[in-house]
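Trainee: Each chain, letter by letter, is given below.
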Amino acid sequence: MGVFDIAFLVAALTIAAPILLAATGELISQRAGVMNVGLEGVLLAGAFAGYLTMTRVDSQPLGFLGGIAGGLLLAALMAVLAIEVKVDQIVAGIAIGVLGLGLTTFFDQHFVPEPQTFTPLPRLAVPLLSDLPVVGEVLFHQDLFIYATIVVVVLVGLAMYRTTWGINLAATGESPVAADAAGVSIRGVRWAAVLVSGACAGAAGAYISIGDVGVFREDMTGGRGYLAIAAVLFGAWRLRGLLLAVAIFAVTDAIQLRLQSIASVPGEVWAAAALLVLGALVAARHRQPRRAPKPAELIGAVLLAGLVALAVVRPQLSLPASLWLAMPYVLALVALAAGGAARHRAPSGLTLPYIRSEA
Amino acid sequence: MTTDPGSGSALRLSGITKRFGAFTANDRIDLDIAWGEVHALLGENGAGKTTLMRIVTGLYQPDEGTMSLDGTPVSFRRPEQALRAGIGMVHQHFTLVPTLTELENLAMAPAGVPWRNGRAAARRRAAEVEAATGLRIAPDRLVSDASVGERQRLEIVKLLCRGARLLIFDEPSAALSPGEWDELAKLMRRLAAEGHAVVLISHKLSEVFAVADRWTVLRGGAVAGTGDIAGSTPEQLVTLMVGESLAPRRERAPAAPGEPALVVRELNVERHPDGPQALEDVDLDVRAGEIVGIAGVAGSGQAELVETVLGIRPALSGSVELAGRRLERRTPAGFYAAGGALIPEDRHHVAVIGGMTLGENINLRALRQAPLARRGRIDLRAARQRAVRLAAEYEVRATGESQPMARLSGGNQQKAVLARELSTEPLLVIAVQPVRGLDVRATEFVYRRLTEHRDRGGAVLLISMDLDEVIALSDRIAVLAHGRIRGVLDAGEATRARIGALMTSSEVTA
Amino acid sequence: MKALAVRVLTQLGVAAATLLFAALLLLAIGVSPGEAASAFWSGTFGSPTNAGTTLTQAVPLFLVALGWIIADKAGRMHVGFPGQVVIGGCAAAAVGLQCDGVPTVVAIVACALAGIAGGALWAGIVAWLWASRGVLEIISSLLLNLVAVQMLAWLVRGPLQGSLDQQPQSANFPASALWPAVESVPGRTLSYDVILLPILAAGLIWLFSRTVFGFELRASGGNLDAARWSGINPVRAGVSAIVISGGFAGLAGAALLFAGSAPWLSEGFEAGIGFNGIAVALLARNSPVGAILTAIVFSSLNVGGTSLQALLDVPSSLTSVLQGAVIVLVLVAAMLLRRRRAARPAVPVTPASTGKELVSSAKEA
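Protein chains in written order, with UniProt numbering: chain R, 1 to 359; chain D, 1 to 510; chain W, 1 to 365.
Simulated from the structure, these hints should not be mistaken for laboratory data. Just so it is clear, the structure is predicted and the values come from calculations on it, not from any experiment. Here a beta-carbon is modelled for each residue, glycine too, at the ideal position from N, C-alpha and C. Any given hint could turn out to be false.
[Said to hold, decoys possible] Sample of chain W residues with no beta-carbon within 12 Å of chain R, all distances over it, derived:
hint, residue
1, Arg7
2, Leu9
3, Gly101
4, Gln167
5, Ser176
6, Ser184
7, Val185
8, Phe208
9, Ser307
10, Leu311
[Unchecked claim] Now the stretches of chain R that chain W is said to cover, found in silico as 3 or more residues with beta-carbon under 8 Å:
hint, segment
11, 74-88
12, 228-239
[To be verified] Selected chain R positions facing chain D (Cβ under 7 Å, derived; list incomplete):
hint, residue
13, Thr164
14, Trp165
15, Asn168
16, Ala171
17, Gly183
18, Val184
Excised from the complex, chain R in its bound form (with noise of 0.2 Å):
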């Protein structure tokens, strides 16, 4: 298989799985309509709060538990100064960003001088289901992490497709005059909502620095923050959207990594890059079937036979390792710029403060 082994499907789980946390909260606090653009401070702050805790007790449970409480505490900040003091949402978010960073480098120079280096989160093997090939090896032979991610994400489904207060929340966001006509509690979903994405970004943080690497270093999240928010616009604040955007983050973070350790490029990478443009024009065609080709589906198809001749003639080809470092982030803004469609989907109560006297 190359690049593309189990190893790499295990990798690009494990990228997967933080990013695919947080932005389940992101979803969920924007469904509510307060958007927190500062969701990389958060992430920060429970990575910090994770390792913080773990330099004091070293009882991997109770780091993922300060991890959490160190995100609620800026999700707190940020439900406070959305919902309470009603300032704007992207100022207030910027505020967050810039608050966790400091902060967390701040209390990391004061607290750790020096860093600490603790194992990462033991993998458990599924009896049975693990022994499976490819599939077991992949999928039941993770960390807890990954399993209580799937298990979340399930239970957010669940919850904002198949409960009152899924609709609740939907309609919190979408027209939060009905909702209170309803005598539904805009504050108190919406408190709930960021407080619940606080915790899973705090939990996502902490799982990237004891959970996966077992350090904290200045600014680890490395933007993965503001990849979630993009998953979620890009998803069109549905769960489905978003799984699908996370995934395409993921695989793509996880070439980058395989191919940092590689002389040059191999040919299934483009090979790979050409399936997805190809999935993409289809998908495209799929939706509008009968009508004249756009611009962008014309330079998607140069692009694609582009690709497929680079992956046939496999050239002898090294790309700098900042390319595929910048890669996810510019493969979100294509993905943002070809959806754009999508925003007119975004819940309509999205960033605005809610006064009642309003109704």
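Once you've looked at the hints, dock chains D and W against the given chain R.
Mentor: Relative to chain R, chains D and W alone:
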């Protein structure tokens, strides 16, 4: 709840007073509503109807006074408490979530435990309500796909599902076609007959006399009178509402139509890619020196017509000619340059910039060209003088031209918009619901200015959902229904009945 | 007059609260606030050399703040300044490295223009994505920041790498490209580019109040739909605002390199200027003149933070904590002020219109 519904007093207010700062919105109001009656609450805009109903439904708390329901004193701190006690309100702006289905809108409620799913229970209750009242909904349809009448029905079902026994309707006919209104009137009578109490807020006397048993008139925040419909006359209620008998309609000089100002030919405009068109083959002429009114219920295509002429909405086909010049690439800038002016309906969102000053709002269009601006630079002193002069001329009450627009009252904002649009000496003024939310004095002012504009040889296109307004002001009336012009009447031959007939005839053919 | 007094008082209140917060943080890590204050003062304004550094470092912050102000006035709240500073700096460096032997004036103008062009170009992507693809400018600008950082990392390792010991940084800029400094200040730490502070502040005020373009920007930012309905093209206004603000940020990048202490391009040269510049603008409540003052305050925080670390071993990230805290405090103060005003309406506005007003003014903040 020990009292038997169907007789006796349902809701009794005594001495309700509500102040906002120095302004008294409700002044010692006494009101008595009985089970089994339709009670009409009348009053001009700003008479205090809305505030009073917000107190009854728990949105506001009164400063003084008491409320009792079935003889038991009650006080509501939150709307859900009023709802639980059985008081529900059908708002003018529906409180529905368009992206959810009708069933989900019914199921929306405070959830005790997170994993509860209220969908099945809501479906059951909807079936019960249908059995009791005959009101049927389409549970799995998205609210955004429902018509205005269907949404209103859902709103009523929602309240009944939640056990509302006292229903308040806030100007329910504003968005309904005559046929839909008849159905609603029948429903109100049926609800009253079953022992519910119905409060109808309206300023249309014809509706009040068609359904209500009793009436109460508010004026200036206080009760001006109350009584039975039987034995009352419309003139009596009008006198109570306005405070003095209305001067008979001014005799206006007959219109002297001149050159065509606005010519619209075979205009087709799309609403949704696969739905019915918003406008279909619309032909329209407005001549200099006349007021042409467009009559029609809300959502008949008025908004699309305005936006297309202005150049914000693309047309599928057709042409728009202004002052004899065909507007090829239609943009708002082109519309204004050709001599157009617009008083939009949605003042807050598209007409004023709340964060800028009164002066900047008055000069919003004039500031960007000579003589106020030359080569991109603004002559601030001239701009200020112009703003001060226009503010005085149009009786805008403000502390100065530098007062932020958002701090002006609605009437003064509208006067400022009027000043901005009429001061450019346009050939054509499009006025959409120009007096919505204004008090009697401001309304009179707007009507006078529009008429003067006509008398000076300008053209006015008046678009309003209020039939009486259209009839009172227009020289010719075009009836718009379901995106088509169904007929054009001269002022002399236009009556409510004829216009109503034109609106409904369309329903048969559509 | 009274309004101004309230504003100044609020500003002072925010400053006091920030100082209190700083003192608490210092106490928490066992440093005496008094000692810290004296170390801070000597590091920032204690000597002409240090004062020169503080003033010079205020310039990039101020430029970014102007960028934020112009974009925010037009209602386009993008946060792409770090990326635009980086790309502007890269473009300026690429030009500057070629300027050996070119007359100083030409070199300076060329570098500044390259910086402006680089920043504007990078902001142009945000503007294009917003205008034609409807992508929220805040998200696209955040992502582009991350891309810009990778671009810089590649440039200093690849095409622009020029240090002799193979460090990821460029060669030293030729002396002719460096921006001149005041001779009489020891160490020549005061660059002449501080004259940009009053000039640009005045220019921006003039633009907003006296030009049609500035008026259209403010109208579009105040109410996009109303602007469109009255014949203004708000998309054009928004795009110009974003691009101009990117130009300011790009110029800040050039200033960082050619008037800074290290005359070469390296990975960390942006040093958080992009986000801090936003805080500078917020603290100044979007007033260009106020931004001069707050930029100096922030730059003294940066400079003083370094000396605190050197003298008292206080983590230098204290600065960024304080900067985050300042944004939060400013937001809360502004909102509390507005509440107070809204609580006593001058005219009997209906409660509904008060609500609308709160929402729309919250958008401006």
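Trainee: Confirm or reject each hint.
Mentor: Results of checking the hints against the structure:
1. For Arg7(W), the requirement that its beta carbon stay farther than 12 Å from each beta carbon of chain R is met, with the minimum near 17 Å.
2. Interface exclusion of Leu9(W) from chain R stands, the closest Cβ pair being 19 Å apart, more than 12 Å.
3. With a cut of 12 Å on Cβ distances, Gly101(W) stays outside the contact zone with chain R, its closest approach being about 31 Å.
4. For Gln167(W), the requirement that its beta carbon stay farther than 12 Å from each beta carbon of chain R is met, with the minimum near 16 Å.
5. Under the 12 Å C-beta cut-off, the non-interface status given to Ser176(W) relative to chain R holds; the minimum distance is some 30 Å.
6. Every Cβ of chain R is farther than 12 Å from the Cβ of Ser184(W); the closest lies at roughly 37 Å, confirming the non-interface assignment.
7. Here Val185(W) stays apart from chain R, with its beta-carbon at least about 31 Å from theirs, past the 12 Å limit.
8. The claim that Phe208(W) lies off the interface holds: its Cβ sits roughly 20 Å from the closest Cβ of chain R, which is beyond the 12 Å cut-off.
9. Residue placement check: Ser307(W) keeps its beta carbon more than 12 Å from all beta carbons of chain R (closest about 16 Å).
10. With 12 Å as the threshold on Cβ separation, the claim that Leu311(W) sits away from chain R holds: the shortest Cβ distance comes to roughly 16 Å.
11. Here's how the segment 74-88 of chain R fares: 6 of its residues keep a CB closer than 8 Å to some CB of chain W, so the rule of at least three is met and the hint holds.
12. Counting residues of the segment 228-239 of chain R whose beta carbon lies closer than 8 Å to any beta carbon of chain W gives 3, which meets the minimum of three for the stated coverage.
13. The beta carbon of Thr164(R) is positioned within 7 Å of a beta carbon in chain D (closest approach about 4 Å), and the interface hint is therefore held.
14. For Trp165(R), the shortest C-beta to C-beta distance to chain D is roughly 5 Å, which falls under 7 Å, so the interface hint holds.
15. A cut of 7 Å between beta carbons decides the hint on Asn168(R): the least distance to chain D is about 6 Å, and the hint holds.
16. Interface hint at Ala171(R): satisfied, since its Cβ lies 5 Å from the closest Cβ of chain D, which is below the 7 Å cut-off.
17. At a threshold of 7 Å, the smallest CB-CB gap from Gly183(R) to chain D is about 3 Å, leaving the interface hint in force.
18. Checking Val184(R) against chain D by beta carbon gives a least distance of about 6 Å; that is within 7 Å, so the hint holds.
Violated hints: none; the structure is consistent with every hint.
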